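Student: Just so we're aligned, residue 40 is where the sequence shown starts under our numbering, counting upward by one.
For the record, the hints were derived by calculation from the structure and aren't laboratory data. This one's a predicted model, so the numbers in the text were calculated from it and none came from an experiment. Yeah, the Cβ is synthetic: ideal placement off N, Cα and C, and Gly gets one too. A hint or two may mislead.
To be verified - Below are the SDA-like pairs computed for lysine to any residue, each with C-alpha atoms no more than 25 Å apart in a straight line:
#, residue 1, residue 2
1, LYS88, ALA178
2, LYS88, PHE128
3, LYS88, LEU100
4, LYS88, VAL172
5, LYS193, PRO183
6, LYS78, GLU139
7, LYS78, MET158
8, LYS78, ALA98
9, LYS78, PHE160
10, LYS199, PRO185
11, LYS78, MET159
12, LYS88, GLY147
13, LYS88, THR149
14, LYS78, ARG122
15, LYS78, ARG181
16, LYS78, HIS124
17, LYS88, ARG146
18, LYS88, SER102
19, LYS193, GLY106
20, LYS199, VAL188
21, LYS88, GLU131
22, LYS78, GLU137
23, LYS88, GLY138
24, LYS78, GLY155
25, LYS78, ARG153
26, LYS78, SER102
27, LYS78, TYR173
28, LYS88, HIS126
29, LYS88, VAL162
30, LYS193, THR107
31, LYS193, ARG181
32, LYS193, ASP130
33, LYS88, PHE127
34, LYS78, GLY94
35, LYS88, ARG175
36, LYS88, ARG99
37, LYS88, THR143
Said to hold, decoys possible - Restraint ranges, calculated between C-beta atoms of paired labels, are given here:
#, residue 1, residue 2, range
38, SER189, PHE127, 14 to 24 Å
39, THR79, PHE128, 19 to 29 Å
40, GLY155, ALA84, 18 to 28 Å
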Amino acid sequence: MTIAENGSFSFAASDQTDPNGTIRIVSEPPAFAYAALTKTSLRSAPIRKDWIIDGTPQARLDSLSMGTNGWSSTDHWDCTAGRFHWHFFWDETVLFLEGEVHITDDRGNTYVGRPGVSMMFPVGTHAIWHVPVYVRKIAFNRRPIPWAVSMAMKVDARLKRLFQRSDSKPFAG
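Could you build the full structure based on these sequences and the hints that come with them?
Tutor: Next up, the structure:
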């Protein structure tokens, strides 16, 4: 099967299954994003120098998917030893896959991220990350919907429900 690689996204132009049996695409473009968590697809994503407190942490990133509206993404990330500030510009939910990290919030609470542990970091928060040796995670990022847009969506949904109910009722006559 012919597979064209674009980062970690795989696209196929054949009706046969790949050797691993994980994807079969018969038409282009595919309907779903498809990516594998492979360390070889991770690319350098340096931490800002002014955020680094101690050590020389080396971070790498692979963007696995991007939401159609640009308001969400899924990323595969890893980092070597070091201590650094991290500022969250999205709501970020992570699942730690490998290694360990000690994360201290602005109130002084410390959380330990290990394989199988999930954490959620709200947009606008800050933490100090201490990676003793290595850490790897998958991150599900989402931009919060602005209040006005959220309210408009709720009104729209309510109106649709109202009109659906009124359309389903027979006329009394």
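Student: If a hint holds in the structure, say so; if it doesn't, say that too.
Tutor: For each hint, the structure was consulted:
no., hint, result
1, LYS88 to ALA178, "holds, 22 Å"
2, LYS88 to PHE128, "holds, 17 Å"
3, LYS88 to LEU100, "holds, 17 Å"
4, LYS88 to VAL172, "holds, 19 Å"
5, LYS193 to PRO183, "holds, 15 Å"
6, LYS78 to GLU139, "holds, 17 Å"
7, LYS78 to MET158, "holds, 22 Å"
8, LYS78 to ALA98, "holds, 12 Å"
9, LYS78 to PHE160, "holds, 24 Å"
10, LYS199 to PRO185, "holds, 21 Å"
11, LYS78 to MET159, "holds, 23 Å"
12, LYS88 to GLY147, "holds, 23 Å"
13, LYS88 to THR149, "holds, 23 Å"
14, LYS78 to ARG122, "holds, 22 Å"
15, LYS78 to ARG181, "holds, 23 Å"
16, LYS78 to HIS124, "holds, 24 Å"
17, LYS88 to ARG146, "holds, 24 Å"
18, LYS88 to SER102, "holds, 22 Å"
19, LYS193 to GLY106, "holds, 21 Å"
20, LYS199 to VAL188, "holds, 16 Å"
21, LYS88 to GLU131, "holds, 22 Å"
22, LYS78 to GLU137, "holds, 11 Å"
23, LYS88 to GLY138, "holds, 23 Å"
24, LYS78 to GLY155, "holds, 18 Å"
25, LYS78 to ARG153, "holds, 18 Å"
26, LYS78 to SER102, "holds, 12 Å"
27, LYS78 to TYR173, "holds, 13 Å"
28, LYS88 to HIS126, "holds, 13 Å"
29, LYS88 to VAL162, "holds, 21 Å"
30, LYS193 to THR107, "holds, 20 Å"
31, LYS193 to ARG181, "holds, 19 Å"
32, LYS193 to ASP130, "holds, 21 Å"
33, LYS88 to PHE127, "holds, 16 Å"
34, LYS78 to GLY94, "holds, 22 Å"
35, LYS88 to ARG175, "holds, 20 Å"
36, LYS88 to ARG99, "holds, 15 Å"
37, LYS88 to THR143, "holds, 19 Å"
38, SER189 to PHE127: 14 to 24 Å, "holds, 20 Å"
39, THR79 to PHE128: 19 to 29 Å, "holds, 27 Å"
40, GLY155 to ALA84: 18 to 28 Å, "holds, 24 Å"
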